[in-house]
Amino acid sequence: MLERSELRRADIFSGSLISLIGGLTLIGASKMPMGGTYGGVDNPWYASPGAIPLLLGALFILLGLAVVVHGWRQGGGRHLGDGVRCFVRDHDRRRRTLKIGGLWLGLVAYVLLLAWKPFAASSLVFGRVLSAQGHFGFLTEANGANYWISSAIFLTLFVWAFRPGGRVKILSWRSMALATTLWGGPLLLGYLFSVHLHVPLP
Amino acid sequence: MEAFVQFAHQFVVLATPFNLLVLLGSILLGIIFGALPGLTATLGVALLTTVTYSISLSVETSMMALMGVYVGAIYGGCHPAILLNIPGTAAGAATAVEGFPLSQQGRGGEAIATATVMSFLGTLFGVFAMLLCIPWLSRLALLFQSSEYFLLALFGVLICGSLTAPDVPVKGWIAGLFGMLLATVGMDPTHGFQRFTFGIPELVEGIKPIPVILGGFAIPQIIRSLTSKQDPAKTGNPIQSLWPKVLVLKQNVKTAIRSGLMGVGIGSIPGVGEDIAAWMSYDTAKRYSKNPGEYGEGSMEGVVAAETANNACIGGALIPLLTLGIPGSPPAMMLLGAIMLHGVIPGPRLPEEHPEFIPKMAAILTWASLFMLVCGFAVSRISVYVLRIPVYLLMPFVALFTVLGSYAFDYSLFNVWFMLGFGLLAYLMEENGYPIAPLVIGIILGPMAEDNLRRALIDHQGSLLPFLTRPISLAFVVLICFSLFFRRRRS
Amino acid sequence: MKRLKFVFGRGMWRLIRFSPCILLLSVLGCGPIEAPNLVTSGWPKKPITISCFAAAGGGTDAVSRMIAKLMKEELGVNVNVVNRTGGRGGAAINYVGVRVRDGYNWGGFSESMLTASVLGITESTASDWTFFMLAGAPGVLSVPEDSKYTDLESLVAAAKAAPKTVKVSASLTGGIWHTKLLALEGAADVSFQFIPYNKGSQPSQLAALSGEVDAVLTSISEQAELIRGKKLRPLAMIEADSYEFPERGTIPSAAAAYPDVTKIPVSQFLGFALPSDTPGVILEKITAAFEKIAASDEVKAFCESRLLTLQGWHGEEADKRAQSAEQAWVWKLDELGITVESPAAFEIPKPE
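Chains as they are written, first to last, in the numbering used here: chain A, 35 to 236; chain B, 34 to 524; chain C, 34 to 385.
Think of the hints as simulated: they come from the structure by calculation, not from any bench. Don't take every hint at face value.
[Stated by the list, open to error] Chain A is faced by these chain B residues, among others (derived, beta-carbon under 10 angstroms):
1) 175
2) 176
3) 210
4) 388
5) 433
6) 441
7) 460
8) 462
Think of the CB as a built atom: it goes at the ideal place given N, C-alpha and C, for glycine as much as any other residue.
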């Protein structure tokens with residue numbers, strides 16, 4: 035959670051956003067059918083599809099305003115502009131935000147890689163070569179091989195990016211063990227899931 | 034009394050080496066399923082059904098395997114909840130609220146051990162309920178109509194909302210209501226009208242709980258762990274004891290009994306499962322606690338309450354399942370399918386046609402809980418090592434499981450995308466002081482609340498009077514008013 | 034170059050440098066995989082997956098699992114059941130619909146997939162599939178055992194005397210049992226108060242037991258134990274034929290008094306389907322295995338214990354049934370206004 039003074043400033047933004055969501059919900063809900071019958075079921079106003087969204091939308095506007103008022107009273111309004119200025123100037127905070135964003139985008143990239151067909155096709159070749167002995171037969175399926183390679187790449191890059199600083203020797207027992215974990219882990223996982231648990235892979 | 038004799042007989046007869054071996058394997062599988070984010074009791078039971086059915090095991094052995102997975106998976110969820118603050122279910126979220134702070138204080142091992150003992154006791158509660166109260170509890174299911182279901186769901190969302198708000202209570206309510214708003218997405222259950230789907234076919238069925246739970250709990254935890262300023266290797270205190278403290282257990286006897294009773298009662302109402310039971314018993318425990326100040330900063334009592342109720346639900350859910358053929362929760366639904374595939378048809382005639390079946394299930398449940406106790410202690414010795422793995426190595430693997438888990442829920446990448454997007458939203462919400470647990474509870478219970486409210490209103494031509502004239506309804510209304518009023522005065 | 038090497042580390046850099054070669058190799062490697070002649074000869078060679086569109090534990094799922102077990106014995110390869118329940122079943126329909134037509138992906142469907150197109154869930158209609166219907170249960174209208182209604186006539190008379198007061202549950206809005214209830218309403222010219230319950234048939238039946246509704250219309254299979262255990266009393270089959278209930282004698286058909294009940298020819302079926310453009314060689318093999326399964330003792334015993342009616346329909350017969358049911362049903366839904374897409378958009382003809 036943010037620090038207290040910052041939180042009160044953030045309240046003004048989050049509260050307004052919630053009121054906005056409430057407003058949009060009201061608009062959406064007001065377009066829903068009401069009255070008569072719908073789908074063969076009676077549709078009076080109190081039981082119509084839009085009734086609960088209307089109620090929730092109205093509550094959101096009120097509760098959002100309550101958050102804004104609470105934040106304003108506790109002094110959140112005083113340095114409203116500072117928030118943006120702080121963000122641009124404060125090196126630490128900017129770095130942290132970028133780090134969080136990067137982390138999230140990394141996850142997104144991983145899923146994109148899983149869903150990317152050409153990559154699946156190319157990982158299939160690896161899979162075919164490796165499963166020549168008859169072990170890990172699931173690698174001959176495009177999704178099996180793709181899952182293994184994308185996951186291993188993701189793990190490697192993530193561990194690389196978030197490891198604590200300092201030089202790492204590539205050719206040491208430590209990093210060999212690490213590489214085995216990072217590449218063997220998803221292989222084992224994919225094998226167990228697709229072959230023994232009958233859970234299809236992405 | 035006759036039931037107990039039958040039970041003792043079955044307890045001995047069932048203990049063949051082969052049966053027990055199958056049980057051991059399935060309990061371990063269940064614990065692993067419960068402990069890994071995204072793999073659920075439902076999936077575990079479904080997978081084992083295929084196995085037991087296709088190799089034509091006997092009914093007893095199959096039931097051993099299936100109950101083993103069920104019990105193990107419900108229990109196993111407490112490991113990641115306590116150690117990593119990543120609960121696998123909404124019920125586990127109650128455990129995480131108290132368990133994770135304990136783990137940060139170095140009492141994670143003890144918390145898991147206590148949770149293990151309490152899960153064991155909770156399951157035994159269910160067994161006793163099955164043997165003693167089956168005629169009464171199976172009637173309880175028939176007393177619940179739409180108005181009661183609505184109030185129960187509303188109660189669940191409200192208590193969770195005001196229990197978990199770290200900043201101001203209004204933010205907890207907003208989170209709970211936001212969950213209910215998200216729950217309106219999709220085809221509306223009463224009229225079949227498609228709300229807020231924006232033409233996306235995947236949204237027609239609504240937002241699924243598993244991606245929401247994974248995104249809401251796991252992703253913020255991954256972000257926090259990997260980007261916190263402290264040296265990640267030094268956050269955890271040394272792991273102290275791996276055994277429960279006898280004194281702590283003694284102090285919590287009352288809490289355990291109360292939670293066990295609540296778990297059995299709530300479990301035996303069809304469609305109401307572990308989620309409400311865990312939060313309701315957690316709320317009650319806090320209310321009657323001698324040191325309510327501990328709550329939120331690591332209270333063993335809270336863990337006891339949540340875990341006992343959680344597992345007591347299993348026995349409770351079996352009651353309407355066996356006597357009415359109506360399952361109480363999604364894994365119980367799968368269990369019903371499995372029992373029927375094996376040729377036993379649960380229903381009102383079961384006690385007459387197969388008088389030995391209910392004591393048999395009770396005996397299987399007892400064996401399963403015994404094995405769970407042993408396996409739980411054994412597994413906790415391994416699982417606490419998770420804390421020694423450096424975060425930069427552990428969290429990418431957690432992310433891997435999160436993605437696989439939300440995919441394996443119904444095998445569509447849409448859920449994975451949704452999980453990622455929701456995860457970022459959940460992180461931002463938590464930063465701004467909005468709790469996630471009520472949101473998740475809101476998504477799970479929202480449809481139940483809305484559907485039943487609207488049905489009750491259609492049923493009574495818009496009159497709210499039945500909410501006050503039906504005795505159970507009235508009791509709930511009083512309970513809700515009491516809990517809201519009581520809390521406001523104290524804070 | 035040196036800078037890049039520094040950034041990625043030596044090991045990674047090597048990988049990156051070789052990546053074009055890897056890509057080239059892979060493109061070459063993929064060529065022969067999808068060639069069609071390999072697909073049909075010696076089918077089946079690898080495990081078959083049944084993507085069941087209903088959640089684990091229900092009737093569709095149970096039938097899929099039984100088919101999987103028996104098909105494994107007939108075809109000699111593993112058959113797995115996977116519950117792809119997303120998007121109200123649309124996930125399974127779409128998944129199977131876009132696979133290569135190699136016969137390794139089947140859809141575990143029931144009759145409710147026929148409405149998926151007009152509900153905006155999928156693009157495919159009944160004509161895109163070839164169906165294998167193993168079994169289905171007829172619909173029955175029942176009242177609680179202590180109800181004051183003793184037969185269908187008294188229930189209809191009560192509803193006629195005071196429209197919209199007799200409450201009937203029939204699973205969810207637009208589902209098969211709701212449609213049957215609408216057929217009954219049309220045929221008997223009455224209006225009941227329909228109370229919808231989702232999540233399968235059980236909540237509807239529970240509502241009848243708890244007295245929240247006066248009558249319930251679901252499948253006889255799901256009501257069987259409650260009827261045998263004297264919790265529910267069956268009034269009439271909402272089907273063309275009457276039904277011999279093993280323990281409680283004949284249940285009359287509603288069509289005897291109200292012949293128009295059969296105007297919407299929708300009936301439950303549980304089974305599987307493949308895209309209709311699957312190679313004929315494969316379909317023949319599946320058909321042969323399906324015929325053996327439908328005649329097996331295990332299926333008979335399964336149907337008997339659950340009061341399912343054995344159908345065993347396949348090929349043209351099944352497809353015709355599916356298409357005529359689809360026409361009547363989707364246009365009825367369109368009339369009720371709960372469709373997202375008009376049936377006309379899918380070129381589904383309107384029945385007379």
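Hint check results:
no.: 1; hint: 175; verdict: violated, 24 angstroms
no.: 2; hint: 176; verdict: violated, 23 angstroms
no.: 3; hint: 210; verdict: holds, 6 angstroms
no.: 4; hint: 388; verdict: violated, 36 angstroms
no.: 5; hint: 433; verdict: holds, 6 angstroms
no.: 6; hint: 441; verdict: holds, 5 angstroms
no.: 7; hint: 460; verdict: holds, 7 angstroms
no.: 8; hint: 462; verdict: holds, 8 angstroms
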